[in-house]
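Each chain is listed here by its residues.
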Amino acid sequence: MTTPSHPSPVAVVTPWYPGADHAFRGAFVRAMVDATGPGTDMTVYHCEEWGHRLDGGPIEAAYQSLLSRTHRPPHAIPTAGGARLIHTPVPLTVSPGYAAIGRRHAETLSAVLDGKPLPAPVVHAHVGLQGGWGALRNKAPDARLFVTEHATFLGGVLAQPEAKEMYDELLTRCAGFFAVGAAVSDPLIKAFPHHRDKIRLMPNPVSFDVRRPKPVTDLRRWLYVGSLTERKGVRWVLEAFARCRAEDETLELTLVGDGELRRPLGAKVQELGLTDAVTFLGLQPPDRALDLMREHDLLVHNSRFETFGMTIVEASAAGMPVLVTRCGGPEETLAGIEEDAGEMIDVEEASDALVAGFRRLRDRFPDKIDLGRARHRLESRYGYAATAEAHHRAWFGDTDD
Amino acid sequence: MTEHVLFLAEGGTRKRAAAIDAVRVLDAGGEATLVVRDFAAWKNERLDKRIRVIDVDKLEKRYGWMRAEQALLVRGPRAAFRLVGLGPVKRLSQRAAGAWDRRVATPLHQRTFLPLLRRRPAARPPALIRQHLGSRAGVDLLVVTDPASMPAAVTFLQIFDVPRVAYNLDTAPAASMGER
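Respectively, the protein sequence lines represent chains A and B. Each number in the working numbering comes from the position in the first sequence (counting from 1) with 100 added on. Residue 149 in the working numbering sits at position 151 of the second sequence, with consecutive numbering throughout.
Chain B extracted, bound-state conformation:
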């Protein structure tokens, strides 16, 4: 049976390690899922196209009423700044849009709306990941690739029944007989 390895890389501080190990899983005929936050920060990492990437930030922002939150806090103001900033005040408008993002939209999202969203068990990251994976949600090995992913791994293991957990592929325990 194909082995499904899920790499938690929420901090993105060891991108290369995660990317190399994911390719090794794929080359061995397995399935590799990479869970990240802020996928834009991975743009310099030439990720193999076969790796299934899940951006938890995106999943959260698309969940239920968070779409409305994003429209009000991010997309609406950005469109307004673009409209106002046509012509000679373009640079001024761009700076104002950046300041809005940094000082208003991001703090409100992270400190107010995200904790509110996470009160619902079904909207917590592991549940969102499981929902996103659907029928492929069976995970044989969980690889925790950076410090920020350690607390995430603890909550992940409360929802997912994962036979093996490791910090890299080399030192992961071998699958035992009868494992999924």
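For reference, chain A alone in the conformation it holds in the complex:
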């Protein structure tokens, strides 16, 4: 056990955290808080970006003026893992560049803290130039800073010279830096070879607490969970479903999530005459999404790129097989258990790989698949206990006091 006997203050700084309007945004940060909060005295600072295209001056002045009513003192509410949550918007002019975004985060957090340092000897920030830069500029001089990077837009950050310079400083001054997968660590090591030894892998935690009431017996009810956007390849999911359903009329597809493709997909469902077979549930709270995983037979995840792919691990935790693209994160999370967990396919701009993958999986199911083994292996890597222990060891060292 590496957690100190007296709860030690830990400050978590993050631009992403689930809220009433975005139930999934930053669900992995909340999972991390849920896993690592117990045994600490944790406060989460959620610095949420509010983009706009207006003159920034009057908005900034108004924000400062309102602080006396909104954040003096900062109002903390209970959140996961026994932690407290303090929320603040970060008003941001759209597209000012990542360096400017990092500075705005630092300035806003400083304003919320009334110029005082974050009151914790351990600060853990999420997302390098947003949470990370804000935390670096606002931590106490002797506080130790840890950073977890999840961003899918890391390539864009590293392509901007000023942002890259700030990132270098962040890596130099932090006590520990974690990437959620090789899709994040590889470009960072390439950009900053002198920090190779500091960049470690630390996956997102996933809860394995609840088991499905009945095991999957056939692959009839498909489930898609994610934003309805091009990056997630959801158009091809619908097309592949239509092709597979032409062979088996009992198939059903449920889509959880929202996005710019909601209307075109709805129109396509009508055009294909699949209104009885396809259900759009819109955004759902994370707990409901996990329930849906336990009520469906197959998770179909056709993303173009993922740094981790938390949904895949959650689906395996829920005891369902997955049909998933090799899009970065999933190759790592399912390494060694690909065939036990389901079927992996290549990313392509068509539905052929999905259809072929489904047919292979259907032919192997259930005898040549071992969901229990996949679940057990994933729990040992990504379960709350494993993740909490790894974080606490980094934060507090190995002292058993």
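Honestly, the hints are just simulated from the structure, not real lab data. Some hints here could point you the wrong way.
To spell it out: a stretch of chain B is covered by chain A in this simulated footprint if at least three of its residues, at any positions, have a beta carbon under 8 Å from a beta carbon of chain A; those stretches are [unchecked claim]: (1) 14 to 24; (2) 27 to 36; (3) 48 to 54; (4) 163 to 169.
As the structure is a prediction and not an experimental result, all values here were calculated from the model. For glycine and all other residues, C-beta sits at the position ideal for the given N, C-alpha and C.
For this one, chain A is given, so just place chain B on it according to the hints.
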């Protein structure tokens, strides 16, 4: 006592957040007022019918001499373009009407007549909102839902005596004993 929560959503950049929180207030037995600009931009948001919506643009355009301004700048020219545009020149007339709106009517309204109107304290948005709310003008919680509403909130608080201010319902301070 029923809690009255007023949501300032003048920018309309976080419509869903405002709509969800307003419904939560109503479901908890409270009253929810949503203050917007350009309500037409909310047409894709399925707003709960119980939410009281105040469109500040409309309040301003209906105030005093602004009715005449709107008749001269908007309604009159539109009627004229419609009349001229009967038959084969309909499309041409519609384009001309659009250009008039964009290049003449809207800039004149926003840059000349609106600042003129707002010189009168009684015609500024918070005063118009208070007048519109009438006896229901007591607000227990002000929720500022987007960046454009931040400057609006500052002027709002100069007129309204609001015990609590927050950026969303989840992190709003709880009502204290003896509050309205």
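Could you check the structure against the hints above and give me the numbers of any it violates, in ascending order? 2, 3
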